[in-house]
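Fit chain B to the supplied structure of chain A, relying on the hints for placement.
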Amino acid sequence: MTEQQLILQFQSGQTDLFVKLYDSYVQKIYRFIYFKIQHKQTAEDLTGDTFFKAFEHLKTFDLSKGSFKTWIYKIARNTVIDYFRSVKEIKNIEDILDLHDAHDFKRDIEVKIKIEKIEQTLKKLDAKQREILVLRLWEDLKFKEIAEITGRSEASLKMSFRRSLELLKKSKGAVYLFLLINF
Amino acid sequence: MKHNINKILNDLYQLDSSFKSHEKELKEILNDFIEAKKSFEIDENFAKSLRGQIINRTQNSKLRSKLSFFNFTNMYPKLSYVFSGALITALMFFGAFELVQRDQSSPNSLKLAFKNEIIETTAHAFGPLNVASSNQELTRSAVKGFGGGGGGAGFDQAASSMIAPEFYYSYKYVYTDEELNINDDQLPIFKRVTGGTQNNALTDILSQADFGLFDITKFSNFNIENLTLIEDKDYGYGVSLNFVDESYGIYQNWQKWPNFYAECKDDIVCIESKRPKASDIPADEELIKIADEFLKQYNINTSNYGTPVINKYWEKSMSRESEIYIPEAIEVVYPLIINGQVVHDEGGNKVGLNVIVNIMYKKVSGVWNLRQERYESSLYEVEKNPAEILKVAEKGGFGTYEFPGAEKQIEVKLGTPTLSLVRIWRQAEQPDRMNEILVPSYIFPIVEKPSEGYMYRDYIVVPLVKELIESDLNNIPTMPRPMPLPVEGDDPSAQKEDEVKIESTSSGVVEPAVTEPRPMPLPMPVEEGEVVMQKEEEASVKTDEVVNR
Numbered sequence: 001m002t003e004q005q006l007i008l009q010f011q012s013g014q015t016d017l018f019v020k021l022y023d024s025y026v027q028k029i030y031r032f033i034y035f036k037i038q039h040k041q042t043a044e045d046l047t048g049d050t051f052f053k054a055f056e057h058l059k060t061f062d063l064s065k066g067s068f069k070t071w072i073y074k075i076a077r078n079t080v081i082d083y084f085r086s087v088k089e090i091k092n093i094e095d096i097l098d099l100h101d102a103h104d105f106k107r108d109i110e111v112k113i114k115i116e117k118i119e120q121t122l123k124k125l126d127a128k129q130r131e132i133l134v135l136r137l138w139e140d141l142k143f144k145e146i147a148e149i150t151g152r153s154e155a156s157l158k159m160s161f162r163r164s165l166e167l168l169k170k171s172k173g174a175v176y177l178f179l180l181i182n183f
Numbered sequence: 001m002k003h004n005i006n007k008i009l010n011d012l013y014q015l016d017s018s019f020k021s022h023e024k025e026l027k028e029i030l031n032d033f034i035e036a037k038k039s040f041e042i043d044e045n046f047a048k049s050l051r052g053q054i055i056n057r058t059q060n061s062k063l064r065s066k067l068s069f070f071n072f073t074n075m076y077p078k079l080s081y082v083f084s085g086a087l088i089t090a091l092m093f094f095g096a097f098e099l100v101q102r103d104q105s106s107p108n109s110l111k112l113a114f115k116n117e118i119i120e121t122t123a124h125a126f127g128p129l130n131v132a133s134s135n136q137e138l139t140r141s142a143v144k145g146f147g148g149g150g151g152g153a154g155f156d157q158a159a160s161s162m163i164a165p166e167f168y169y170s171y172k173y174v175y176t177d178e179e180l181n182i183n184d185d186q187l188p189i190f191k192r193v194t195g196g197t198q199n200n201a202l203t204d205i206l207s208q209a210d211f212g213l214f215d216i217t218k219f220s221n222f223n224i225e226n227l228t229l230i231e232d233k234d235y236g237y238g239v240s241l242n243f244v245d246e247s248y249g250i251y252q253n254w255q256k257w258p259n260f261y262a263e264c265k266d267d268i269v270c271i272e273s274k275r276p277k278a279s280d281i282p283a284d285e286e287l288i289k290i291a292d293e294f295l296k297q298y299n300i301n302t303s304n305y306g307t308p309v310i311n312k313y314w315e316k317s318m319s320r321e322s323e324i325y326i327p328e329a330i331e332v333v334y335p336l337i338i339n340g341q342v343v344h345d346e347g348g349n350k351v352g353l354n355v356i357v358n359i360m361y362k363k364v365s366g367v368w369n370l371r372q373e374r375y376e377s378s379l380y381e382v383e384k385n386p387a388e389i390l391k392v393a394e395k396g397g398f399g400t401y402e403f404p405g406a407e408k409q410i411e412v413k414l415g416t417p418t419l420s421l422v423r424i425w426r427q428a429e430q431p432d433r434m435n436e437i438l439v440p441s442y443i444f445p446i447v448e449k450p451s452e453g454y455m456y457r458d459y460i461v462v463p464l465v466k467e468l469i470e471s472d473l474n475n476i477p478t479m480p481r482p483m484p485l486p487v488e489g490d491d492p493s494a495q496k497e498d499e500v501k502i503e504s505t506s507s508g509v510v511e512p513a514v515t516e517p518r519p520m521p522l523p524m525p526v527e528e529g530e531v532v533m534q535k536e537e538e539a540s541v542k543t544d545e546v547v548n549r
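Top to bottom, those sequences are chains A and B.
In this text, residue positions in the first sequence follow the working numbering: the first is 1, and each later residue adds one.
In this text, residue positions in the second sequence follow the working numbering: the first is 1, and each later residue adds one.
Chain A with its partners taken away, still in its complex shape (with noise of 0.2 Å):
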């Protein structure tokens, strides 16, 4: 059965095969939020969280208007925003994304351990172009899709990246990662 064809019949009732999109997503949501959080307790409260929104609006789910992959990867992008002003009053949205890296959340030791090797790197980018390196690289997503997920277009995205490209360019290292972010 493809997801479509799951939505669909989800949608006339056989509300129990949402289960099958779970396991699908789960793991991928799971490492987007908790890339975003680094603190398993929250990353998990959160994939919680957005699975139940999923479940709770997929019946007036469009087909016609996106994938639903991307419609949950916008689920969970919203909820960590949501998270973050709850614990942060924060009248900016573009300042969210960043928020992680100026204020002291709780991020698990093991974690920032692990990820120190490519933490030089990441610390370069800003934290959309860090955004849409884990889409890109670790989820696989299209470039198309993830305007979708982050709310730009295309056009805007791939100008910010050329300039950011350009930036990295002449710093060491990193340049090569950030190049990453292709389209």
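Since the hints were derived computationally from the structure, they do not count as laboratory data.
Wrong hints could be hidden among the right ones.
[As the list claims (entries may be wrong)] Computed cross-link-like contacts, DSBU-like style, restricted to lysine-lysine with a CA-CA straight-line distance of at most 30 Å:
hint	chain 1	residue 1	chain 2	residue 2
1	B	K7	A	K128
2	A	K28	B	K7
3	A	K144	B	K37
[To be verified] Across the chosen pairs, the derived CB separations fall in these ranges:
hint	chain 1	residue 1	chain 2	residue 2	range
4	B	S240	A	M1	32 to 38 Å
5	B	W368	A	K53	35 to 41 Å
6	A	M1	B	I271	55 to 61 Å
7	A	R85	B	I281	52 to 58 Å
8	B	T418	A	L63	40 to 46 Å
9	B	L206	A	M1	38 to 44 Å
10	A	D45	B	E272	55 to 61 Å
11	A	R85	B	T176	36 to 42 Å
12	A	D140	B	S240	45 to 51 Å
13	B	I281	A	D140	43 to 49 Å
Quick reminder that beta carbons are idealized off the backbone N, C-alpha and C, glycines included.
Then chain B, alone, in the frame of chain A:
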């Protein structure tokens, strides 16, 4: 992964071909980044637990959509204020019954489905949890402390007025780890419900059968309670279906499995040679693999259960190296997960699906506790004061008390507790039934067992429901009653109390003499809620009864 890296690089070169000269470094960095992905793998237990919650929601959602046809609040808006949640619960219950139905694609097959679900009810829907039935003794754990640190932290073991041993240790359980912090004022407790499965079609078939010896059609209103099916083949199984408790059991057909006791008969040498040895015990991984394969082969649904563990209780009292006792079968336990939480017994051990593996034949010889897991949930107040919780933990957990006068008190250290569900039993409305209730509890692991005495407990359990903690701390059982002291000059061979002597009178009529009964020791004062054993009526001989006999 390699293919992915190459694809990414090719896309990159299309943007800027000068990066091609740095291909080696690029590949290295890409690999590092993709390797880092492993740091963010989801915890398997969490994923399973969340899956269970999702399944519960999908089932409740299906139930609600069924009930929309019976939506009282739409039909009678005013009544929505009158009818309590209990009525809605009843309606939901009715809608939840999975009746026997014929599969449309296969009309000759019967579908007997045990449903798994949680039905939310109003707060305190199950009534008080700390009240004993008037028809039954209050069930309390016996006083523990025979140097053993607790004979199972039973919430509901039968009370026994045990006599304190001459010498024993008492234990004080000490917790000094992280501060306990309970944020919720209320937490749900779950009461298992049964009786939703009906087997009408099966009953109809059997009710019309001709058994030859009697006319079954003369009976009416049958309901099948139990059914057993047996495989007639080597290493065959029996399957028992319990429609009252809504549970399945699978067990070996003893007639068709090897039995060295029967082969050896009374030959001890023969028996000893065939008994299992320590070398027969498979590694834990192999035991779990055998269990997993069996469950898969028979399509046994494990969606309500977590990662399996091996039950090693038998090794607590004797090591396998001693070979004093090596069990023929070892149990693999798949912990039950309800509402995302693992369920434990009163001793803090995980409960769930039990798969018994025969270590001699490396085969599954039984599966137990495969049941319909259907619960009502209701919110109850929880104890938020850590000091009260620790008072219960300190004495050995819920329902555990020590005799005073121990020779020595030993401190036992407790580790950081986990919050889980613990299964307890409470009297049901029917006198011969008990309700199975899951209560949120702290399970403290015993960090280090003392070398003195013998402690077989691994955990201390404290339920967080406020009324349970209050009753546990306020209803300390009284000391065992003293034995009546002998009266000076008593002769054991002398006339017993209330014995009637027959004596001759001067008139020649034989009349029984009346003996005054000895004074009974005064009873100990009874505290409210305490067990009172039903006493036999005190025998007393009354003159008029004797004379008028």
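| query | What are the numbers of the hints that this structure violates, sorted from low to high? | reply | Failing hints: none at all.
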